[in-house]
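Undergrad: Whole structure, please, built from the sequences with the hints as guidance.
Heads up: the protein sequence lines correspond to chains A and B, in order.
Position one of the first sequence corresponds to residue 30 (the numbering used here), numbered consecutively onward.
Position one of the second sequence corresponds to residue 2 (the numbering used here), numbered consecutively onward.
Heads up, none of these hints are tricks.
Restricting the straight-line Cα-Cα distance to at most 35 angstroms, the calculated cross-link-like pairs of lysine-lysine (DSBU-like) are: (1) 128/B / 95/B; (2) 209/A / 95/B; (3) 309/A / 158/B; (4) 24/B / 209/A.
Across the chosen pairs, the derived CB separations fall in these ranges: (5) 132/B / 54/A: 52 to 62 angstroms; (6) 300/A / 77/B: 39 to 49 angstroms; (7) 238/A / 194/B: 47 to 57 angstroms; (8) 74/B / 54/A: 43 to 53 angstroms.
Bear in mind the hints are in silico, worked out from the structure with no lab data behind them.
Beta carbons: idealized from backbone N, C-alpha and C, even for Gly.
Each chain, letter by letter, is given below.
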Amino acid sequence: MAIAKFDTRRISQRTAFTFLGLATLITVIPVLFIIVYTIVQGGGAITWDFLSQFPSQAGRAGGILPAIIGTFYLMLGTLVFALPIGVLAGIYLTEYARDNWLTRLINLAIVNLAGVPSIVFGLFGLSVFVLAFNFGLSLLSASLTLAAQALAMVITTSREAILAVPREYREGSLAIGVTKWQTVRHIVLPQAFPGIITGAVLAISRAAGETAPILVVGAAFLLPGIPQSPFDQFMALPYHLYTVAAHVPNMPKETIWGVALVLLVVVLSFDVLAAAIRIKTRQRSQL
Amino acid sequence: MNINLDVQDISTRPAEKCVTKLKAENINLYYGTFQALRNVTLDIPSCSITAIIGPSGCGKSSMLRLFNRMNDLIPGARVEGNIELDGIPIYNSKIDVVELRKRVGMVFQKPNPFPMSVFENVAFGPKRHGIKNRGELEQIVEKSLRQAALWDEVKDKLGQSGLALSGGQQQRLCIARVLAVEPEVILMDEPCSALDPVATLKIEDLMRSLAADYTIIIVTHNMQQAARVSDTAAFMMMEPDRAGVLVEYGPTAQLFTNPKDKRTEDYITGRFG
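TA: Encoded structure:
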C-alpha cells in the first residue's frame, strides 16, 4: 500500500515536470524559429554592398547603410535622453520620495506608461516635439519620442536595481555620518550600476525595433544622404522593413528578409551586450 | 522602575575623567501606533562600556538606535522625551543628524563591510568628510586598523575586498571603519551574534581596549558577554503590551550578583528569557 501511494506521487510529479517542460519548450520554439527562418530567408542578401551602399530602385537594389546608421543614431539619442532622466527619477522615487498618495500615483503612472500603445507615443511626439517645440520631423523629435516611451522601463529597472542594494550598506554608511546623497552616490549607485545599465540597454534595443512612433515624427523611406544634424530626417531599419515589405511592388523577398536579419542582429546584439555588462560588473564587484 | 545611579560612584576610573556622556529622559518610542519603549530614563557614563541586556523584542536595539537617531530612518517612528549628548538635546530640529552620527558611530549585528577593498572601507568615512590627501588617508587607515586589532592580519591585503575576510575580521573592519571618523561614542548592536567564540573574544578584548577613549554602548543577548565586558548594565523587559521598559540599571557586578529587582534576578538566573 505504501509503495502504491509512492507510485502515484511519482507519476503526478513526472506529469507535472512534463507539462512544465513542454510549456518552456513552446515559449522557446517561436523565438528559435524566427531567428533560424530569418537567417535562412535573408542570409543570402547579406553582402558587404548591402551593408555599405545606399539603396537604389526604391530599395530593390543597393544597400541599407543609411537605415543602419539612422537606427544607431536613434538608439544613441534615446539613450542620451532616457538614461539620465530615468536613473535620476528612479533614485528620487526609491531614496527620497515619501510614501504618500502622490508617490503612489506617480508609480502607478509609470507602470501604466509601459502599457501605452506605441503609436500613441508617436502622436504625442508629433504634437509636442515636432509641432509645439518646433523640432520638426527630425532625429531629435524621434529620439525624444522613443526616450519618452523607454523611460518607463529605465525607471522601473533602475528602481529595482537600487532597491536590491542591501539596507546594511546604506545603514553602515549613514551610521558614520555620511550624508544620504553621498551614500547614494558612493554606495548605492555603484552597486546598482549593472542592473541600471542592463535595463537601459534593453530599453534602447526595444526602442530600436519600434516602427509606429517614428513613422509620424521624422522617419523617411528614402533619403539622399545620412543625417548631418539632429534636425534632419532619417532612415531607420524597422520603418525601412515595413515599407519594403508592404509598399514596394516587385520587391525581392530575399532583400526584405535581409533587412529583417540586420534589424534582428542589431537588437539582439544589444541584448547580448546588456548580458555581458551584467556578468562583467558582477564578477568585478565580487573580487 | 527607573533607577538612576550617580555615574561618578559606579565608575572604576578616575572620577574627573568620567562624566555623563549621554542622557535619556522619559523616553517613549512609537512605531506607528505600537509603543516600543515606555518611560525609559538612563544616563550613560563616558569612558566606559554600558551593556543593554534583555529578552528578544524588549526594545534594546530600538533604545540603542535612539542615540544616533537611526530610528529616524524607520517610517512612522516617533520619539517623546529628551536625549542629550554632552548636555545638548539631540532630538531638536537644529541638530545636524549627519554631524551627530559622526560623533556617535554604530556597529551592526551582521558585519556589513562595503563591497570594496579593505582600505576603501576604512577610508570611506574620512573621504566623505573631506579628507583627500592620500598620505593622510593612509595614516588614518593604518591607525584605525591598528586600533581595531586588525592591522597585522590585513596589512598585506589592503587592496583585497573587505567581503573576502572572515566574519570576525569583517566585524573588526566595521569597527575600524567607525573609528576612522573619530567618534566619541560607539554603539554596538549585538556585534558578536554572528561570530564564533574565538572571534567573539577578540571583539570583546578590542572593546575593553577601546573603552579608555570611547564611550561604548553594547546591546547583547549574551549575558556572559555583558558580565565580561561591561562596567554598567541595563536590564530591559517587555510589558504585556510589548512596550519595552527599563527594569534595572547599575554597575554590572551589582546587577549580576545582587540584583535589586526580582525580574532581573529571574532573567539572569535563567528562569525565563
